[in-house]
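Quick note, the sequences are listed as chains X, V, S and R, same order.
Anchor point for the first sequence: position 125 equals 124 in numbering that gives the first Met the number 0, and the numbering is continuous, going up by one each time.
Anchor point for the second sequence: position 282 equals 281 in numbering that gives the first Met the number 0, and the numbering is continuous, going up by one each time.
Anchor point for the third sequence: position 168 equals 167 in numbering that gives the first Met the number 0, and the numbering is continuous, going up by one each time.
Anchor point for the fourth sequence: position 7 equals 6 in numbering that gives the first Met the number 0, and the numbering is continuous, going up by one each time.
Worth flagging that the hints you see were computed from the coordinates, not collected in a lab.
One or more of the hints may lead you astray.
What the hints assert, rightly or not - A few chain S residues facing chain V, derived, Cβ under 10 Å:
| id | residue |
| --- | --- |
| 1 | Met224 |
| 2 | Gly275 |
| 3 | Leu475 |
| 4 | Ala479 |
Unchecked claim - With a straight-line cut-off of 25 Å between C-alpha atoms, the simulated SDA-like cross-links for lysine to any residue are:
| id | chain 1 | residue 1 | chain 2 | residue 2 |
| --- | --- | --- | --- | --- |
| 5 | S | Lys99 | S | Val185 |
| 6 | S | Lys442 | R | Pro106 |
| 7 | R | Lys186 | R | Glu170 |
| 8 | R | Lys46 | S | Val185 |
Idealized CB from N, CA, C, for every residue including glycine.
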Amino acid sequence: MSAKDFASAYTSTWCPGCGNYGILNALKKACAVLDLDLEQTVQVTGIGCAAKIAQYTNMYRIETLHGRTMPVATGVKLANHHLTVIVDGGDGDGMGLGMGHFVHTARRNLDISYFIHNNQVYGLTKGQTSPTSELGAVTKFSPAPLGNVERPINIVRLALSVGATFVARSYAGDLTHLTETMVAAVRHKGFSVVDILQPCVSFNKLNSYEWYQKRVYKLDTLDGYDSSNLSQALQIGAEWGERIPIGLFYQEKRMTLEESIPQLKDKTLAERPVGGADITALMQELA
Amino acid sequence: MSAKDFASAYTSTWCPGCGNYGILNALKKACAVLDLDLEQTVQVTGIGCAAKIAQYTNMYRIETLHGRTMPVATGVKLANHHLTVIVDGGDGDGMGLGMGHFVHTARRNLDISYFIHNNQVYGLTKGQTSPTSELGAVTKFSPAPLGNVERPINIVRLALSVGATFVARSYAGDLTHLTETMVAAVRHKGFSVVDILQPCVSFNKLNSYEWYQKRVYKLDTLDGYDSSNLSQALQIGAEWGERIPIGLFYQEKRMTLEESIPQLKDKTLAERPVGGADITALMQELA
Amino acid sequence: MGKRDFVVLFGGEAGYGVMSAGMMIAKAAVRNSMQAVVVNEYPSLIKGGLNNCLVRISDSPLTSFEETPDILGAVSQQAYELNVAKVRPGGVVFHDVGVKTDKVLPPAGVTLVPVQLVQTGSADMAKVMANSAVMGAFCALTDFSAEAVKAAITGEFANPVVQTKNLEIFEHTWQTVKAAQGAAGVKFPFALQPSPSPRMLLTGTDAVAMGALQAGCRFAAGYPMTPATGVLVYLADHAVEYGVVFKQAEDEIAAVNMLIGAGFAGVRALGATSGGGFSLMTEAVGFAAIAEVPLVILMAQRGGPSTGLPTRTMQADLNQVLYASQGEFARVIVAPGDVEECFTETFRAFNLAEKYQVPCFILTDKYLADSSVTQPFFDTKEMKIERGKLVDEAWLASHAPYLRYRLTEDGVSERAIPGQVGGRHVATSYTHGEDGFYSSGHKEYAANEQEITAAGIDKSFAKLPHILAEVPGIKLHGPAQADLTLIAWGSTKGAALEAMELAKEKGISVNLLQILYAAPFPAASVMEVLTKAKRTLLIEGNHTAQMGVLLRANTGFAADAQYLKYDSKPFTPSGIVRKIQEVMSK
Amino acid sequence: MGKRDFVVLFGGEAGYGVMSAGMMIAKAAVRNSMQAVVVNEYPSLIKGGLNNCLVRISDSPLTSFEETPDILGAVSQQAYELNVAKVRPGGVVFHDVGVKTDKVLPPAGVTLVPVQLVQTGSADMAKVMANSAVMGAFCALTDFSAEAVKAAITGEFANPVVQTKNLEIFEHTWQTVKAAQGAAGVKFPFALQPSPSPRMLLTGTDAVAMGALQAGCRFAAGYPMTPATGVLVYLADHAVEYGVVFKQAEDEIAAVNMLIGAGFAGVRALGATSGGGFSLMTEAVGFAAIAEVPLVILMAQRGGPSTGLPTRTMQADLNQVLYASQGEFARVIVAPGDVEECFTETFRAFNLAEKYQVPCFILTDKYLADSSVTQPFFDTKEMKIERGKLVDEAWLASHAPYLRYRLTEDGVSERAIPGQVGGRHVATSYTHGEDGFYSSGHKEYAANEQEITAAGIDKSFAKLPHILAEVPGIKLHGPAQADLTLIAWGSTKGAALEAMELAKEKGISVNLLQILYAAPFPAASVMEVLTKAKRTLLIEGNHTAQMGVLLRANTGFAADAQYLKYDSKPFTPSGIVRKIQEVMSK
Ligand SMILES: Cc1ncc(C[n+]2csc(CCOP(=O)(O)OP(=O)(O)O)c2C)c(N)n1
Ligand SMILES: Cc1ncc(C[n+]2csc(CCOP(=O)(O)OP(=O)(O)O)c2C)c(N)n1
Ligand code: SF4
Ligand code: SF4
Ligand SMILES: [Mg+2]
Ligand SMILES: [Mg+2]
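Given these sequences and hints, build the entire structure.
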């Protein structure tokens with residue numbers, strides 16, 4: 000199958016030039032490279048511009064509530080762990096309302112791929128500060144002259160700190176890199192997080208294509224970068240300013256939650272018959 | 000004033016031997032050392048055994064909802080930043096429901112002291128797995144033989160990763176150390192987190208006094224430990240097993256949220272008069 | 000009228016095992032043809048607070064709490080002081096020798112018997128062993144079969160050392176009390192004989208969990224919250240045998256969204272929480288509804304508002320569940336009145352959730368969740384799994400293009416689940432068209448956004464008459480015609496049923512309209528009964544008569560009188576009878 | 000009857016500035032003694048979806064939406080296609096030259112005028128400048144004062160380059176259209192003349208924010224959610240001048256709990272959200288209630304359920320707000336019907352929240368929040384701050400020991416705030432005694448736990464009659480006696496008022512019962528009106544007649560007829576009149 004087989008019939012409503020187009024294209028390409036079985040794939044999204052991607056793809060999809068992708072994806076995966084589960088959502092969605100879920104999902108290590116469309120702003124609600132907005136960022140909620148006074152969250156560092164087993168960053172303006180990163184993330188058996196730098200042409204005038212283009216560099220251009228070294232990853236992950244590293248920061252093999260549950264050994268829950276349970280033993284326990 | 004001046008008139012209902020007694024005693028002693036003005040101090044707690052501490056102290060107190068100490072404390076502090084704000088809550092309260100708030104409160108860096116009574120279990124609800132429970136821990140929600148399969152949260156490391164400006168660990172069984180740590184935390188201008196190892200004699204048979212006694216050692220016994228070095232703190236903070244470090248991991252001076260808001264320069268919000276606002280200019284804007 | 004019941008009350012601080020003592024006495028009774036009710040009351044404290052275990056035993060059906068002990072066993076000072084006034088005249092109080100009885104005197108005609116209940120030895124052990132001493136004293140003072148109790152003790156303690164130790168203490172206390180007391184005592188009035196068929200002593204909690212397993216529930220997610228935790232613990236404990244996964248979530252928001260994920264993926268899933276946790280689930284309830292993902296949640300009420308009284312009972316959360324989440328959509332709320340209904344209606348809820356693709360709530364309360372009653376084994380033969388319009392790949396292949404949200408007469412569309420060939424679609428929390436696509440402002444939808452919006456809401460409400468037609472919305476208990484019709488719901492059923500019998504003995508003919516389904520509201524069946532009612536008395540465990548308000552809102556009918564109770568204690572038959580007499584004397 | 004209004008509709012995809020064009024026309028009119036209503040409609044998309052800006056202008060009061068344009072300006076194909084059918088006979092449609100008009104023909108008697116609306120030059124600039132072209136064409140075709148519009152343009156653009164450019168385009172388009180069109184046009188029927196006193200053109204959003212500032216609100220916390228975001232943006236924008244702190248929270252749970260913290264510390268605070276965010280605030284609502292911390296929240300309804308239709312209007316969340324959170328407690332819900340009430344009732348809500356120490360909700364909707372109307376300057380002289388039983392240190396000193404939750408006749412206790420000497424206490428989400436201490440099972444409380452539980456709930460409800468006595472629960476509009484009484488609430492007021500006038504012209508005497516307070520429900524005043532009503536028509540923007548149900552539940556009264564609308568569009572006077580005629584013809 001080719002990338003176009005992964006598109007829905009609907010017209011996109013993103014702003015012309017929005018970074019989400021790049022992400023959608025990369026995702027479709029990645030699906031083609033992975034030769035994903037559409038019937039066996041579930042895309043879970045939140046609410047926001049980013050999350051609308053579910054309207055433009057064509058696997059099984061569930062567009063959840065703002066901030067609740069992680070638990071819905073967890074439910075899907077535990078119900079049928081043979082499914083490929085891909086999550087897309089915004090930085091607000093994931094790092095605002097979704098923060099608690101993110102931390103806990105990371106430590107659980109389910110085999111889920113999480114693509115965060117990080118435009119450092121609340122797009123769909125027309126431009127408020129996001130948890131990843133730069134210090135001083137002027138938005139509708141943090142007006143000039145002061146701007147944002149809360150230290151932004153570095154998604155890569157956070158993901159590393161809370162136990163994600165695959166942590167990468169990519170850029171919506173680099174289709175090849177993003178496609179490759181997505182492919183690797185889906186192939187990774189465990190919780191993979193990709194922080195995708197995504198220009199929002201309408202509400203984030205600061206972090207533009209030009210801004211990123213000047214700063215972004217690839218980790219694999221660093222001599223001897225070792226993606227199995229967590230403390231190195233944490234250290235380089237902290238870099239954000241004149242230079243912004245993209246690539247695979249860290250990958251680790253750790254047992255997934257699904258693997259650790261004996262009930263999921265031979266069958267998925269979805270495969271088990273509904274009904275036919277014999278509760279006699281339970282009744283006897285109480286007699 | 001002495002420690003007993005900081006006690007309420009009510010009988011405690013903690014189990015005999017509970018680590019919360021040690022924490023309460025240390026808190027009262029710390030209040031005495033700090034010579035806290037009770038009328039200018041607010042204790043914010045959640046819901047759980049730990050949170051009941053608000054019933055046994057006698058400053059201004061607000062016993063909030065399970066998991067919501069951080070935002071309530073934030074509201075109190077922004078409303079009246081001259082108040083000393085102390086937060087007490089359980090590990091479930093803070094790291095379960097409260098996780099998102101914790102991360103965001105840390106990055107905001109308000110001048111609040113947060114004492115987490117970490118008994119690695121849900122005490123008040125009679126023994127379920129907490130986000131800090133050990134791997135393999137057998138509880139009502141993670142029964143034998145499997146026990147807990149989710150990687151526990153290391154509060155110290157998490158606090159360091161998300162930007163707390165004072166991060167310490169202490170132990171309910173060491174009154175002196177705990178008192179000193181609390182005193183330093185309250186004196187710190189910024190968000191201070193103290194992870195307090197607290198035996199729960201009723202529902203956590205694993206992490207007992209004896210267990211801790213064998214493992215706990217003081218950071219200041221380490222040669223050249225430098226509490227201004229974040230990466231060292233992160234590294235030592237990761238230690239958890241045969242040896243468990245306690246003490247001040249990290250301290251940093253950073254502008255607090257209150258300090259960054261110009262409206263709070265001369266007066267607290269609570270001091271400003273209610274009423275008397277002149278909205279003529281606002282009306283003119285719209286005419 | 001002969002004696003209806005024999006009531007035992009054991010009291011003591013947590014740790015003395017009064018609850019397990021009560022349960023063992025009840026087990027001994029139930030295994031020997033008796034009917035029993037066991038009601039535990041305890042504060043939201045780990046230690047120190049008073050635990051009461053009330054056991055009512057009879058040779059005829061018992062359905063409720065009634066706190067008039069024939070015999071009180073008080074392990075501690077508090078247990079004595081707070082309970083002694085409740086003892087019936089002619090009753091007996093045995094108490095630990097350490098208890099001072101001079102501060103609070105017993106009622107006239109009540110005998111005090113000091114007994115060594117707290118044992119010597121290590122503090123914790125001494126306390127725990129107290130339960131066997133309590134049982135020994137109880138048997139000695141009532142002539143309740145020591146053999147039956149010893150059998151229960153033997154069954155309870157698997158560890159042979161503990162078993163022997165407990166039996167010894169039981170025996171020793173029995174001997175001592177027998178020797179010392181002579182005449183004092185209150186004889187257990189019923190004849191024990193082995194039950195011909197096995198019967199359970201089970202709680203609402205057990206029954207809901209068993210109903211879920213019977214219904215093929217394979218996934219549960221939750222966060223501890225009294226009094227709902229028990230169901231989750233039950234499922235966790237039986238997860239491996241029954242092929243169930245229980246996931247403890249970081250909060251109730253995560254829990255309910257995990258359930259929705261599992262439901263979307265085609266797996267039957269159960270959540271369990273109480274008011275505070277349900278508050279956090281509010282938003283997701285609407286999501287499940289608009290995405291038409293089946294959802295089943297046990298909502299066990301406790302004392303409120305807010306954190307309130309975690310371990311006390313109330314029926315004050317009906318409105319919360321009725322109206323949770325923004326906007327309007329169909330939902331099902333069933334409020335079982337007893338453990339049997341907990342079982343059958345939980346089972347039914349799973350069917351309804353899938354057939355109608357709606358959120359279903361099982362509304363219980365602390366009292367129902369925690370109290371044990373005698374129950375014959377459930378007959379599960381006729382219980383049929385129904386998954387409604389869950390389609391298979393063959394159907395999908397012959398009905399392309401598949402429209403997940405096809406508009407139909409009954410409001411229910413064909414449902415495909417991930418993994419099926421031909422069923423791909425988008426489920427969404429947005430208002431959407433038949434294919435799930437978001438309707439607002441997209442070119443493809445802009446022209447008919449208004450129609451789509453209204454059609455989506457109509458679709459949801461089109462389900463209601465169909466649901467109403469298949470559920471037992473109400474039950475009428477007692478005579479078809481009566482001088483007074485009680486209106487009650489949920490756990491109040493038990494006390495109301497006993498009150499009905501008591502009233503009959505007093506010459507008042509009473510029947511009971513039990514409202515089993517609060518949503519969809521069974522207005523027609525309710526009115527069929529009420530139009531025939533001579534006089535009505537509404538009984539609810541809350542302040543604002545929530546069911547009464549719902550009744551009036553739906554039918555215009557207002558009850559003649561109300562008996563509202565919101566003091567954190569369950570209703571009693573005697574309390575209801577008093578109210579009946581008051582109403583009838585007007 | 001003469002022409003009542005002149006209606007202008009501008010349509011185009013986001014980015015063309017049709018909303019700002021409409022606002023400038025309205026400003027020009029309002030500054031020149033006209034009354035105007037501006038209603039913006041846009042989908043929940045950033046770009047691409049159709050934005051409509053409807054401007055109604057009249058020399059007499061206008062209170063509502065009515066989509067029958069005399070003139071339509073269509074910047075894009077979609078704007079033309081989806082709007083052209085709405086134009087009144089005799090009306091004019093001007094459209095960008097790029098629009099193809101052959102696919103959808105205009106109604107009979109409507110003239111089409113092609114105009115170069117989208118400008119040349121850089122894509123973004125070209126779009127933005129379109130608004131000046133739209134205004135130029137509008138003035139040319141209607142003879143609406145170009146001078147007045149140019150003054151509005153000059154006021155709008157501070158940047159001189161942008162200002163000049165816009166004025167140029169305006170002028171150029173005006174000239175071109177005038178030159179080319181000759182006779183085509185529809186004359187603006189009212190005479191403009193400078194307004195004697197300044198009047199605002201303001202939205203419900205502005206009015207709520209201004210009411211809060213007038214009330215001394217010093218703190219706000221929130222998370223963006225359409226259509227509530229505007230109030231937070233307003234406060235953020237004016238924070239420094241008015242000594243207010245606005246804190247963006249990580250979610251709505253944090254927001255509401257920050258508000259509670261601030262309220263506990265004695266600061267007036269405002270939250271603002273819509274249904275989904277309010278769902279997340281549910282649990283804290285009960286916390287504020289039981290801890291008796293004042294809380295004020297703007298709840299702006301949008302299309303539901305769930306994420307629903309973020310930018311569309313509905314009145315379907317009344318029940319959600321009425322019953323949010325477990326357990327039972329007093330709350331206040333006011334549903335302003337227009338911008339003036341948004342201002343006055345927001346102000347009042349802050350007083351009520353402190354006087355009665357209860358949660359207060361201001362219930363608006365997308366339509367009210369976003370639409371602009373003409374409003375004279377508010378007269379604030381009589382607006383008095385009332386903080387109720389907030390005590391001072393002198394009082395505390397003379398009333399030791401201080402009991403924060405003292406039981407009183409009106410249910411309100413003296414309130415101390417941190418920092419005060421002598422006021423230390425514990426506030427809690429648990430059921431508690433008068434001193435705030437948790438009551439369940441503690442030795443000090445065990446004996447009277449039941450009394451404390453019931454007293455706490457009674458205390459909350461004791462507040463209601465006092466609140467009821469001081470709020471304007473209802474308003475009766477129109478004649479005291481009428482053939483038909485409309486019952487409406489919230490933003491429906493505006494359309495109902497105009498419908499009342501229209502009906503009068505048709506010879507039907509109609510009045511309007513506006514229910515302003517949904518809680519406490521003003522049953523007595525409502526019934527005073529309704530017992531006199533000859534016939535009643537209930538009008539609500541939802542499917543289940545939520546206010547009608549509340550009315551029936553509280554009074555037994557059921558309206559004779561209902562007009563329910565839940566298609567995401569606001570009510571119109573003409574729609575209501577049609578319904579009135581239908582009802583009266585039965
Ligand atoms: C509970 C809740 N609160 C608020 C909203 C409103 N809302 C919709 S999208 C959004 C933020 C979008 O920001 P982000 O997640 O970064 O996505 P983006 O639009 O930038 O891609 C918000 C606040 C909501 N839908 N639900
Ligand atoms: C929303 C909500 N969910 C669940 C509960 C029930 N609950 C009360 S305390 C508690 C956990 C206590 O654990 P922790 O915070 O670690 O405190 P501890 O009792 O161990 O000191 C829970 C789950 C609640 N009160 N509110
Ligand atoms: S607002 Fe920003 S993120 Fe949203 S579609 Fe437009 S450019 Fe993209
Ligand atoms: S249950 Fe544990 S934490 Fe709670 S009081 Fe008892 S020992 Fe302490
Ligand atoms: Mg974003
Ligand atoms: Mg704990």
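- Item | Hint check against the structure, violated hint numbers in rising order | 3, 4, 8
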